[in-house]
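Trainee: The hints should help you fit chains B and C onto chain A, whose structure is shown.
Going line by line, the protein sequences match chains A, B and C.
One point on numbering: in this note's numbering, the residue at position 231 of the first sequence is 231, and numbering is uninterrupted.
Add 319 to a position in the second sequence, counting from 1, and you land on the number used in this note's numbering.
Add 614 to a position in the third sequence, counting from 1, and you land on the number used in this note's numbering.
For the record, the hints were derived by calculation from the structure and aren't laboratory data.
Certain hints may be false.
[To be verified] List time: in silico BS3-like cross-link candidates among lysine-lysine, alpha-carbon distance up to 30 angstroms:
{"#": "1", "chain 1": "C", "residue 1": "K670", "chain 2": "A", "residue 2": "K300"}
{"#": "2", "chain 1": "C", "residue 1": "K726", "chain 2": "A", "residue 2": "K302"}
{"#": "3", "chain 1": "B", "residue 1": "K352", "chain 2": "C", "residue 2": "K708"}
{"#": "4", "chain 1": "A", "residue 1": "K90", "chain 2": "C", "residue 2": "K670"}
{"#": "5", "chain 1": "A", "residue 1": "K297", "chain 2": "B", "residue 2": "K506"}
{"#": "6", "chain 1": "A", "residue 1": "K90", "chain 2": "C", "residue 2": "K708"}
{"#": "7", "chain 1": "A", "residue 1": "K300", "chain 2": "C", "residue 2": "K708"}
{"#": "8", "chain 1": "B", "residue 1": "K352", "chain 2": "A", "residue 2": "K92"}
{"#": "9", "chain 1": "B", "residue 1": "K506", "chain 2": "A", "residue 2": "K92"}
{"#": "10", "chain 1": "B", "residue 1": "K480", "chain 2": "A", "residue 2": "K92"}
[Said to hold, decoys possible] For each label pair, taking beta carbons as the anchor points, the in silico distance ranges come out as:
{"#": "11", "chain 1": "A", "residue 1": "I225", "chain 2": "B", "residue 2": "I393", "range": "19 to 27 angstroms"}
{"#": "12", "chain 1": "A", "residue 1": "W116", "chain 2": "B", "residue 2": "I600", "range": "23 to 31 angstroms"}
{"#": "13", "chain 1": "A", "residue 1": "Y265", "chain 2": "B", "residue 2": "P453", "range": "32 to 40 angstroms"}
{"#": "14", "chain 1": "A", "residue 1": "L143", "chain 2": "B", "residue 2": "T445", "range": "39 to 47 angstroms"}
{"#": "15", "chain 1": "B", "residue 1": "N581", "chain 2": "A", "residue 2": "M140", "range": "57 to 65 angstroms"}
{"#": "16", "chain 1": "B", "residue 1": "L468", "chain 2": "A", "residue 2": "I225", "range": "34 to 42 angstroms"}
{"#": "17", "chain 1": "B", "residue 1": "L400", "chain 2": "A", "residue 2": "K302", "range": "36 to 44 angstroms"}
{"#": "18", "chain 1": "C", "residue 1": "D785", "chain 2": "A", "residue 2": "Q160", "range": "27 to 35 angstroms"}
{"#": "19", "chain 1": "B", "residue 1": "I393", "chain 2": "C", "residue 2": "N637", "range": "55 to 63 angstroms"}
{"#": "20", "chain 1": "B", "residue 1": "T412", "chain 2": "A", "residue 2": "K302", "range": "21 to 29 angstroms"}
{"#": "21", "chain 1": "A", "residue 1": "K297", "chain 2": "B", "residue 2": "T445", "range": "29 to 37 angstroms"}
{"#": "22", "chain 1": "B", "residue 1": "N503", "chain 2": "A", "residue 2": "L282", "range": "29 to 37 angstroms"}
{"#": "23", "chain 1": "A", "residue 1": "A133", "chain 2": "B", "residue 2": "I600", "range": "21 to 29 angstroms"}
All residues carry an ideal CB built from backbone N, CA and C; glycine is no exception.
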Amino acid sequence: MVRLVKLGDPLIYILDMAAFIGIFAILAISLNLEYGFTGLANFGKVAFFMVGAYASSIMANLGYPYLLCLIVAIIIAGIVGLLASLPALKLKADYLAIVTLAFGEILRYIIKNEEWIAKGVQGITVPSAITIAGISIRTMMLLQLTIIYAALAICYLITQLLVNSPYGRVVRAIREDELATQVLGKDVFKYKAQIFAVGSAMAGISGSLFAQYVRLINPYMFEPIVTFTIWMMVILGGPANNLGVILGAAFVQALERGARIVKDYLLLPVDPHNLRIILIGLLIIIILMYRPQGLMKESKIKTSALEVSSKWRKKSSKQ
Amino acid sequence: MINWAQVLFNSAVTGSLYLLAAVGLTLTYGLTKFPNFAHAEFMAFGAYAGYAIAEQLKLGFQYSILAAFLASAIMGAASYLLVFRPLTKRGATIIHLMVASIGLGFFVRHSIQEIWGGSPLTFRVTWGYFDVGPIRMTSIWIIMICSALIMALIMHFILTKTMMGKAIRASANNPDLAMASGVNIEKVALVVWMIGAALAGVGGLFRAADTRLVPLIGWEILLPAFAVVILGGIGSFYGALVAAYTLGLAENLGVVLLITLNLSTDYRFAIAFIILILTLIFKPQGFGKLFGEAG
Amino acid sequence: MEEKILKTINLTKAFGGLKAVNNVTLHVKENTITGLIGPNGSGKTTLFNTIFGVYKPDQGEVYFKNERIDGLNPHQVYAKGLARTFQTPRLFQKLTVLDNMMIAARNHLGDKLFNVFIKRHGWSEQEEKFAEKALEILEIIELDRLKDVPASELSGGQMKLLELGRALMTDPKMLLLDEPAAGVNPTLARRIFEKITQLRDELSLTFFTIEHRIEILLEHADWVYVMHNGTIIAEGLPDEIVNNKMVVDVYLGEV
Chain A
1 MVRLVKLGDP LIYILDMAAF IGIFAILAIS LNLEYGFTGL ANFGKVAFFM VGAYASSIMA
61 NLGYPYLLCL IVAIIIAGIV GLLASLPALK LKADYLAIVT LAFGEILRYI IKNEEWIAKG
121 VQGITVPSAI TIAGISIRTM MLLQLTIIYA ALAICYLITQ LLVNSPYGRV VRAIREDELA
181 TQVLGKDVFK YKAQIFAVGS AMAGISGSLF AQYVRLINPY MFEPIVTFTI WMMVILGGPA
241 NNLGVILGAA FVQALERGAR IVKDYLLLPV DPHNLRIILI GLLIIIILMY RPQGLMKESK
301 IKTSALEVSS KWRKKSSKQ
Chain B
320 MINWAQVLFN SAVTGSLYLL AAVGLTLTYG LTKFPNFAHA EFMAFGAYAG YAIAEQLKLG
380 FQYSILAAFL ASAIMGAASY LLVFRPLTKR GATIIHLMVA SIGLGFFVRH SIQEIWGGSP
440 LTFRVTWGYF DVGPIRMTSI WIIMICSALI MALIMHFILT KTMMGKAIRA SANNPDLAMA
500 SGVNIEKVAL VVWMIGAALA GVGGLFRAAD TRLVPLIGWE ILLPAFAVVI LGGIGSFYGA
560 LVAAYTLGLA ENLGVVLLIT LNLSTDYRFA IAFIILILTL IFKPQGFGKL FGEAG
Chain C
615 MEEKILKTIN LTKAFGGLKA VNNVTLHVKE NTITGLIGPN GSGKTTLFNT IFGVYKPDQG
675 EVYFKNERID GLNPHQVYAK GLARTFQTPR LFQKLTVLDN MMIAARNHLG DKLFNVFIKR
735 HGWSEQEEKF AEKALEILEI IELDRLKDVP ASELSGGQMK LLELGRALMT DPKMLLLDEP
795 AAGVNPTLAR RIFEKITQLR DELSLTFFTI EHRIEILLEH ADWVYVMHNG TIIAEGLPDE
855 IVNNKMVVDV YLGEV
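Isolated chain A, as found in the complex (with noise of 0.2 angstroms):
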C-alpha cells in the first residue's frame, strides 16, 4: 500500500494509524453484520471494498465533491452487493465462500485488464475529500480521522439499531437455524440478500474513504488478503460483537502499522511484515481453538421487550 505519511513527525505516525484502524474498522463491521450475526460466510469482501473506493475515485476524477462520491460509493456497492448475492445466498457456507471468492477475483481481474474502466494496473489517482488549501499536514490528517470517525460512528450506530431489534433476532435467528426461522414465518432469503446490500454497501463507505486517503489505488491493492485481514479482526474481536470487531481491527491494523515502523528503523534478521502475518495466521487458529467467541461475546439483543421481561411477575403471584 501507498505510504502517505513522511517520516520524521511521530504524531503523523499515529495518526496515520488511526486512519487505518478506523477504516478498516467499518470494513469490520460490515463483515460482522454479514458473518457474525447473520452467519453468512462472505469471502469476497474485498470485491466491494474495491468497487467503491474505484467508483468514488472515478467521480472525484469527474470533479464532483465528495460527499456526492461518497453517496456514488455507497449506492454501486450496495448494488453489486445486491446483484451477487442473489445467486450465490441460496448456497450452503461452504459453496458461498467459494463462489464470493471467485467473484473478488472476477471483479479484479476486470478492473485490472479493462484499462478504460481505470486504467488498469497503472491505478489511477485520487484527489483528498479535504480541498481547502494551504494547511499543515498535521491539519490535514485530523480533518481527515474527523471524516473517516464520523463515518465510523455512523456505521457503528446504524448496525447496532439493526441487531438490537426485532429485525436483528431474526438475522442471528437465521445464522442458527434457517429452517426453523422459515417455518416462523420470515422469508430467510429475502433478509440474507437485505444484510449483504447493506453490508456491501458499507464496504463501499470504507472504499470511498481509503481511496481519497491514500490518494492511489490499484488492482493490487484489493486481492484476497484484505479479506482474510478483515475476517481475522472479526474472529480475533468476537463475532456478533461490534465494539468487540473495531477492537479486533485496531490490534490488527496496529500489528500491521508497528511492523511498518519496525521495519524503517530497526534492522532486524527477520522481516517484521511476515512476522506479523505468521503471528496473525497462528492466532487464528488458536481463538478457533480455545476461545472461538473471540475478545469479546455476543452481545445480547437489547429492545424494549428486555425491560418488560425484567419487570415480569408471574401472573400466580399478582394478586
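Mentor: What follows is chains B and C alone, placed relative to chain A:
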C-alpha cells in the same frame, strides 16, 4: 490458422496439473466436509522443498520430485493432526474450519516467504523445446502428463483393489456405516490428507519448474483446483479426473477465443472461476452423480 | 365445527426411487386432536415437511381452510396460520428462551428493514406486547423463570416444551406437532398432552400430531391415522385403531 493439435496438447498439460492439484482437495473436502484453503500451501511447500533440493543442494530434479512429495505429505499430516482434527473434535463449524485453513495458509506462506524471500525463483534446469509433428513441447510438460496419468492409474488401483482404497471410498460415501463396519475413519483421513497433500506438492513443483516460483504459487492454482473439485463432484476421484481435463480443455479453448476476440489472455483464469460459479449455482453436484459414490 | 381444516389429496413425495409419501389422502377436522402414528421410516415426518412446504410434492394437493397451499414456501405456509414443531427441537441455540419465543411473533413491524429505523415507536410498543404474550405462554409451559437462559443450556424436556411454546406464540389456527413428548419422562409427557387438550378446548386450536405412544393418543386423540411405507393403512377412533389387527401386526413386525 489455429493449431488444434497444440491446443489439445496444452489442454492435456493444464489438465494434468489441475488433476495433481485437485485430487487431494476433493478427497479431503469429501471426507472432512470443508474446503481447505491451505491446500494452496501444500502446493507451495512442495515446490519450495523441491527447489531447495534442486537448487540449493544441487541434486537432480528427480530428487526434487521426491522431496516435494514427502515434504507436502508431512505438511498434510501435520495440518490434519494439529489443526483440523482437533478443531473438528471441539465442534468447529464449517466456517470455522475454512477460516482456520486461511489462518494456516497465512502461517505457512509467510514462513516460506521468510525463509526463501518473496522474489521469484527459477530452476536452473532448462526445459528445451522440441517439436513432435505440429506440436511444440517441453520435457517438463511430458513429465507432467506422464506423472498425472501414472498417478491416476495408481489411484485407480488403490481405490479398487486395496483395503485402504475401499476404506476411503466407504468413508467418503457413508462415514457412519463405514465406522460401524470397522473402518478406522481417523486413519483413513490421515492417509487421505497425506497423499492428497503430497500430490499437490508435486503439482506445485511442476508448475514452479515450468514457470517460476513465488510464495503465492499455490493460490494461482487453488481456484481452478476448486473448479475441478466442484465440477467433478466433491469427494469423487473419477469425477476430478474427468473435470480436470475438461477444465484444461475449456481453458485452452478459451484462450483461443480470447485471442480471436482481442481480449486479454489474463482472463484465462477467469474461465475457471466462471465455470466454478456456474456449476455451483446450476449443478452443484457436478459430475458426481455420474460416478455414483465417491472415488 | 366439522370443517375439514387440512386436506391432502393423493400427496406424493419421492427421493431417488423411493416414495416416502405415497398417494396420501387424508383430512383433519377443525378443533380436534388428530393423531398420526406408524413405525419409524413410514414417512410421517416427510408428510409434515411436504405439507409445510419444506419439500415440494411430486404430485397431489394440500388444502388449508379450502385454500391450496402446496408449492408454497414454509414462510408462506406460516402466513396462512399453520405452525409446526420438529421431532428434534430446532431452537436458536445462542438466543435466550425469550428471544426464541419473540421470533415467532406474527406480523411484527420491527421485522422489516426500513421499519427498524423509521417506525421505532410503533414496533417498540409491539415488542412490549409480544414480550408479555411470550412470558404468559412461558408461564403456562413453566419455563418462565428460564427466560434469559440461552436455549443451548436447557434440558431435553425443556427444549421440547420451548419448541411447543414457540409454535403457540405464532398464533396459529392449526399446529403440526412432530412427537411433542418424545424423549421426556412419562409425567411430563402426560402434562404436555393435557396442555394440548386444554388448548384445543380453550383456544379452539386444531392439532395434527405424530406420536409413537398409542396409550397417550387413546386418552387425548379424537381421530387417528396410521401410516406405513408412505401410505395410510388405517384410520379411525383411537380404540378402533388399537384393536385393528393389521395395525398391531405392522407395529409388532417393526419391533
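Trainee: Next step is simple, just say for each hint if it's right about the structure.
Mentor: Hints and how they fare:
1. For the given pair, K670 (chain C) sits about 37 angstroms from K300 (chain A) by alpha-carbon distance, which is inconsistent with the 30 angstroms threshold.
2. The suggested pairing of K726 (chain C) with K302 (chain A) holds, with an alpha-carbon distance near 17 angstroms, which does not exceed 30 angstroms.
3. Of the pairs offered as hints, the one joining K352 (chain B) and K708 (chain C) holds, with about 24 angstroms between alpha carbons and a cut-off of 30 angstroms not exceeded.
4. Between K90 (chain A) and K670 (chain C) the CA atoms are separated by roughly 16 angstroms; this keeps the pair inside 30 angstroms, and the hint holds.
5. The hinted pair formed by K297 (chain A) and K506 (chain B) fails the criterion: a straight-line CA distance of about 36 angstroms is larger than 30 angstroms.
6. At most 30 angstroms may separate the alpha-carbon atoms for a hinted pair to count; K90 (chain A) and K708 (chain C) meet this at roughly 23 angstroms.
7. For the suggested pair K300 (chain A) and K708 (chain C), the alpha carbons sit about 10 angstroms apart, so the restraint of at most 30 angstroms is met.
8. With a CA separation close to 12 angstroms, the supplied pair K352 (chain B) and K92 (chain A) stays within the 30 angstroms bound.
9. A threshold of 30 angstroms between alpha carbons decides the hint, and for K506 (chain B) with K92 (chain A) the separation of about 28 angstroms falls inside it, so the pair holds.
10. With a CA separation close to 35 angstroms, the supplied pair K480 (chain B) and K92 (chain A) exceeds the 30 angstroms bound.
11. Between I225 (chain A) and I393 (chain B) the C-beta distance comes to about 26 angstroms, which sits within the given range of 19 to 27 angstroms.
12. A C-beta distance of roughly 29 angstroms is found between W116 (chain A) and I600 (chain B), which places it inside the suggested range of 23 to 31 angstroms.
13. Taken as a hint, the range 32 to 40 angstroms is violated for the pair Y265 (chain A) and P453 (chain B), whose Cβ atoms sit roughly 60 angstroms apart.
14. At about 57 angstroms, the beta-carbon gap between L143 (chain A) and T445 (chain B) misses the expected band of 39 to 47 angstroms.
15. At about 44 angstroms, the CB distance of N581 (chain B) to M140 (chain A) disagrees with the hint of 57 to 65 angstroms.
16. Restraint check, L468 (chain B) to I225 (chain A): a C-beta distance of roughly 35 angstroms satisfies the suggested window 34 to 42 angstroms.
17. Remark: the range hint 36 to 44 angstroms for L400 (chain B) to K302 (chain A) is upheld by a beta-carbon distance near 43 angstroms.
18. Our hint of 27 to 35 angstroms for D785 (chain C) and Q160 (chain A) holds, since their Cβ atoms are close to 30 angstroms apart.
19. I393 (chain B) and N637 (chain C) have their C-beta atoms about 58 angstroms apart, which keeps the hinted 55 to 63 angstroms range intact.
20. At about 26 angstroms, the CB distance of T412 (chain B) to K302 (chain A) agrees with the hint of 21 to 29 angstroms.
21. Evaluation of the 29 to 37 angstroms hint for K297 (chain A) and T445 (chain B) yields a failure: the beta carbon distance comes to about 59 angstroms.
22. Against the hinted window of 29 to 37 angstroms, the Cβ-Cβ separation of N503 (chain B) and L282 (chain A) comes to about 30 angstroms, which satisfies the hint.
23. Taken as a hint, the range 21 to 29 angstroms is violated for the pair A133 (chain A) and I600 (chain B), whose Cβ atoms sit roughly 52 angstroms apart.
Figure legend: structure checked against the earlier numbered hints; hints not met, in rising order: 1, 5, 10, 13, 14, 15, 21 and 23.
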